[in-house]
Amino acid sequence: MLSLCAVLALASMLTPLLVLYGVRVGLVETLRATLLHDPAALIIIPAGSGGSGFTNELFEKLRRRPDVRFVTARTRDVAAEMQFAAKDGSYVPLTLEPTGPGDPLLERFGQPLPPVAPEAAADAPEDAVLSSSAARKLSAARGDILRGRLGRRRPDGALETAVFTIRVAGVLPPEAIPSDTAFLPLPVLENIQDYRDYIAVPRRSWDGDPATGIKRHYESFRLYARDLDSVETLDDHLRGLRISVITKAKNIADIRMIDSSLTRLLMIIALAVGAGFVAFTLSSSLAAVRRKDKMLGMLRLLGFSRPALLCYPLCQALLTCAGGTFAAWLLACGVAVSIDSLFAAQLAGGAICVIRPEHFLAALAAGLALSLGATLYPAVRAAGIEPALVIRDV
Amino acid sequence: MIFSLANVSKYRAQGTGYSLAIRRLRIARGEQIALTGVSGSGKSTALDILGMVLMPDEARGFLFAPGEKAFDIAAFWRKKSLDAMAGIRLRHIGYVLQTGGLLPYLTVAENLGLTARMRGGDKNSAAASAASVAESLGIARLLNSYPSTLSVGERQRVAIGRALAPQPDVVLADEPTAALDPIHAENVMSLFAALVKEMRATLIMVSHDLSLVREAGLRIVEISVTSAEDGAVLATIDDSGHAPCATLQS
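So the protein lines, in turn, are chains A and B. Numbering-wise, our numbering puts 360 at position 360 of the first sequence, and it's gapless, one number per residue. Numbering-wise, our numbering puts 42 at position 42 of the second sequence, and it's gapless, one number per residue.
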């Protein structure tokens, strides 16, 4: 009976600790997972304008880095917008965003651009992926052909318009990007930029001044890091190149801080619980040895050796600890399930309290080590009992 | 001689002071003796010294020879070889206390088999020995009971059974029948002495009841008590006058 009480007392100490630990693991992992599944968390874009501009050499170098998942140059603002005709004849301005093979934003939502056909006709529609709001405003669906109106002012001041058509290759869900955006391959946007700059684009039979052959400079880029940790290394790397960037490193650092604060908090609570556990184990096994001193003396009289008697409190404490930890684990798992079902609506599949078998094993190992330490003195007392002093009134 | 003691003493400072001096005590194998003396004469102290659970303050000679080999118990105490002495108790000595001393969470059968289990010998022969002892003591029907459900008399028989079941060379008993009513006590005592004799074991019993032990045929070794000038109790065992005649060496 007393042993069962000890097991339950132990479980009552350990359960809140396990639950708390589970919350820490669950919370941090859920936050990390949310960030990881959100390509926006891994995005790195330059702050402000590019100054002297970014060249293709820079992008090639960046692409070779293992911590870079994807990078595309962005054309200048002159190629950042175009109007497209909706079904009702009105025109909707869309932001144009360059993309390329392996763009995580499009891949994440399963809407990658089909590869560009090399021998396409000059006036063949270009494949584009639309944001949800752009598709809604244009009443466009996958496979639709949309007419765009590309205007420019000629050097002589006259306005002119070129026809530019796109085929909707995919529509992103609303959570991907909030703005009215069309994603097009970078070379297409370069054509548009050239058209607006009155540079000839022979492929599309757009006239203008001949291309100068000067290396193209870009004002911006869109880069995705391989993972959360790469965001920080890339941030450092780019700052080293005197490119100041905007990242979600702050959010990531916030999660790290939550993680480390919770860990520290947990350590302090664990220390308090550990101290209580040691005091509890020490006092209960000392009491057990005192209570049973006559029996222990009797065993000694019968010829039990000191090591055998030493084992008695040790085994009892270790068994109590194992039982208590197991009971605490069962209880904590139950609590974890109810916590998660309580927050199920907000979590969308994530878990706020995660208790794994290895947490149980860690708690068990720590508990066993502590009980072993706490029971040494009572065990030595048990082994040192002198039968002649205790057996007389058994 | 299974026990040979010469000038073994124990002092205690409590109260007015007490000392027990065993000048000479030689007990032959198979002998049955009763240590008697007035209350407070140190009968239990003497028994504990013989049982190797109480350290003598002085021991000129203390040999224990249950077989061919003699153990120098005086040397064991000097070296504090407590576990060596525990091992000797386990293999050679059975102990019966005034009351109980049974383990409450073990059944009668498990209590009877405890020593055999600790020795780690053949389980079947240990069980057979326990069963035959239980039969002789009339406790066979109690084998599956727990001590708390037994009467004092039954418990005492189980305690005797536990000492005898492992077939020890020596049985030490501390007033084994003191808690029983006199008629019952006589029965248990004679049964006990007869069983020990049957096993050819040596019996050393502490008793204040001279007639009871005489009845059972035990040789009496008296602890004589004198008072010193300061009031200290001086207890002495001197068995030099006795030349053992009936030895049962096999």
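Since the hints were derived computationally from the structure, they do not count as laboratory data. Among these hints, one or two may not hold up.
[As the list claims (entries may be wrong)] To list a few chain A residues with every Cβ distance to chain B over 10 Å, as calculated: (1) A9; (2) T30; (3) R149; (4) A279; (5) A327; (6) L368.
[Unchecked claim] Below, in silico cross-link-like pairs of lysine-lysine (DSS-like), each with a Cα-Cα straight-line distance of 27 Å or less: (7) K294(A) to K79(B); (8) K294(A) to K250(A); (9) K248(A) to K61(A); (10) K69(B) to K79(B); (11) K80(B) to K197(B); (12) K61(A) to K292(A); (13) K80(B) to K292(A); (14) K294(A) to K80(B); (15) K123(B) to K197(B).
By construction, the Cβ of each residue, glycine as well, lies at the ideal position given by its N, Cα and C atoms.
Against the structure, the hints come out as follows:
For A9(A), the shortest C-beta to C-beta distance to chain B comes to about 21 Å, beyond the 10 Å cut-off, and the non-interface label holds. At roughly 49 Å, the least C-beta separation between T30(A) and chain B is larger than 10 Å, which holds for a residue marked as non-interface. Distance check for R149(A) against chain B: the nearest CB is about 95 Å away, which clears 10 Å, and the non-interface claim stands. Even its closest Cβ contact with chain B, about 27 Å, leaves A279(A) beyond 10 Å, as expected for a residue assigned away from the interface.
Listed as a non-interface residue, A327(A) keeps its Cβ farther than 10 Å from every Cβ of chain B; the least gap is roughly 22 Å. Its beta-carbon lying about 24 Å from the closest one in chain B, L368(A) satisfies the requirement of being farther than 10 Å from that chain. At most 27 Å may separate the alpha-carbon atoms for a hinted pair to count; K294(A) and K79(B) meet this at roughly 26 Å. The hinted pair formed by K294(A) and K250(A) fails the criterion: a straight-line CA distance of about 66 Å is larger than 27 Å.
The straight-line distance between the Cα atoms of K248(A) and K61(A) is roughly 22 Å, inside the 27 Å bound, and the hint therefore holds. Pair hint K69(B) plus K79(B) holds up; C-alpha atoms about 19 Å apart against a cutoff of 27 Å. About 33 Å separates the Cα atoms of K80(B) and K197(B), which puts this hinted pair outside 27 Å; it is violated. About 77 Å separates the Cα atoms of K61(A) and K292(A), which puts this hinted pair outside 27 Å; it is violated.
Distance restraint check for K80(B) and K292(A): the Cα-Cα separation of roughly 24 Å lies within the 27 Å cut-off, and the hinted pair is therefore satisfied. Restraint check: the Cα-Cα separation between K294(A) and K80(B) comes to about 22 Å, which is no more than 27 Å; the hinted pair holds. Between K123(B) and K197(B), the direct Cα distance comes to roughly 24 Å. Compliance with the 27 Å bound is thereby established for this hinted pair.
The earlier numbered hints that this structure contradicts are 8, 11 and 12.
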